[in-house]
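Position 238 (the sequence shown) corresponds to 238 in this note's numbering; numbering is contiguous.
Hints are computed from structural coordinates only; laboratory data are not their basis.
All values reported here derive from a predicted model rather than from experimental measurement.
Yeah, the Cβ is synthetic: ideal placement off N, Cα and C, and Gly gets one too.
Some clues are possibly wrong.
Said to hold, decoys possible - Using 25 Å as the maximum straight-line C-alpha spacing, the simulated SDA-like pairs for lysine to any residue come out as follows:
(1) 287 <-> 304
(2) 231 <-> 275
(3) 211 <-> 89
(4) 144 <-> 342
(5) 241 <-> 147
(6) 119 <-> 141
(7) 81 <-> 102
(8) 231 <-> 277
(9) 287 <-> 334
(10) 144 <-> 264
(11) 314 <-> 275
(12) 314 <-> 302
(13) 61 <-> 103
(14) 287 <-> 269
(15) 287 <-> 343
(16) 144 <-> 188
(17) 341 <-> 277
(18) 286 <-> 231
(19) 341 <-> 290
(20) 66 <-> 117
(21) 308 <-> 320
(22) 98 <-> 65
(23) 66 <-> 102
(24) 286 <-> 211
(25) 119 <-> 89
Stated by the list, open to error - Simulated DEER-style distance windows between Cβ atoms:
(26) 179 <-> 99: 18 to 26 Å
(27) 102 <-> 192: 28 to 36 Å
(28) 220 <-> 336: 43 to 51 Å
(29) 340 <-> 313: 45 to 53 Å
(30) 286 <-> 207: 21 to 29 Å
(31) 186 <-> 135: 15 to 23 Å
(32) 146 <-> 179: 19 to 27 Å
(33) 203 <-> 67: 52 to 60 Å
(34) 231 <-> 95: 41 to 49 Å
(35) 97 <-> 52: 40 to 48 Å
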Amino acid sequence: VRMRRALQLLLATLALVSLIDAGPLNLMSAPNLLRVGTAENIFVECQDCTGVDQVVTISVKNHPTKTKTLATTQVTLTNAKNFQDFGQITIPPGDFSKDPTAKQYVYLEAAFPGRTLEKVVMVSFQSGYIFIQTDKTLYTPNSKVYYRMFGLTPRMEPVERVNDAQTDTSISIEIVTPEGIVLPLEPVSLKSGMHSGDYQLNEIVSPGLWKIVVKFQSNPQESFSANFEVKEYVLPSFEVKLSSLRPFFYVDSETLEINIKARYLFGQEVNGNAYVVFGIIDQGQKKSFPDSLSRVPIENGEGNVVLKREHITKTFPDINQLVGSSIFVSVSVLTDSGKMKTTHPHGQQS
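Let's have the full structure, built from the sequences with the hints guiding it.
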């Protein structure tokens with residue numbers, strides 16, 4: 001009774017029966033798709049059998065020639081089990097085309113004493129699932145791509161080898177460039193259904209959409225993939241701020257010191273150089289002090305520049321004529337990566 005109930009629970013099966021005149025009824029039931037590389041249960045039964053045990057040989061042979069037995073097992077039907085039982089077979093992948101679009105078949109046979117049942121069955125290469133995660137979706141040249149793989153059986157259980165069972169936990173990993181160039185990595189074995197690794201991008205690398213492609217080595221016809229994007233690194237915008245301890249430049253002052261601060265909008269300090277020139281705003285017109293032009297290093301986001309009295313007097317010998325005018329400073333910061341930002345703050349009174 002228990003076996004009959006188990007048979008009723010098979011969702012997608014094919015059944016073959018053989019009736020010999022006034023004799024027992026032989027039956028074989030199996031999934032209508034046999035998954036390559038995965039253990040499959042084949043149900044066999046001898047109805048109305050009595051007495052001695054019945055040995056049934058279950059075989060899978062290549063299609064269409066039947067020249068090779070791909071998998072085989074034997075089941076002994078006994079009176080204690082009502083002459084019904086399951087046999088388990090695993091079809092190896094080596095004898096099939098690697099074309100994932102090709103429909104492929106096998107012969108499934110159940111050889112009862114004096115009678116053989118046979119059926120052509122399509123094979124499936126869906127032996128499980130591999131889910132791929134990357135630590136980011138966007139990378140820059142010369143960065144490292146970290147990834148994790150999770151392997152699951154068709155029953156959504158972790159793929160793992162238990163007591164030398166036939167389950168293959170090895171997977172092949174490929175990196176595919178935007179141009180379609182395949183970069184194979186070393187095969188690895190899943191541990192508790194998982195694997196973590198990384199891939200180093202070169203400094204000169206093609207921008208665009210890349211792929212990580214993973215396959216069970218036992219079933220190379222079925223592949224799983226995840227995309228990630230590579231873009232040239234572009235530094236975010238930065239801002240330049242100027243400050244001075246004194247708001248005025250007196251006619252008898254010798255110097256005026258300006259502090260330069262340059263930071264990216266996310267807070268990181270800028271490194272590079274600042275190009276600075278001072279001048280005077282007289283009746284709304286800007287007139288620079290050519291001798292004040294200088295280059296100042298910006299390190300860890302900071303630099304200092306000094307306006308000297310002689311910078312002013314070389315252009316305006318009578319500094320007293322400038323009383324009440326405003327001094328301006330123009331600062332252009334060029335980062336080490338070649339980005340430039342210019343600022344023109346309000347002038348200081350002289």
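Quiz prompt | Numbers of the earlier hints that this structure fails to satisfy, in rising order | solution = Numbers 2, 3, 4, 5, 6, 7, 8, 12, 14, 18, 24, 29 and 30, in rising order.
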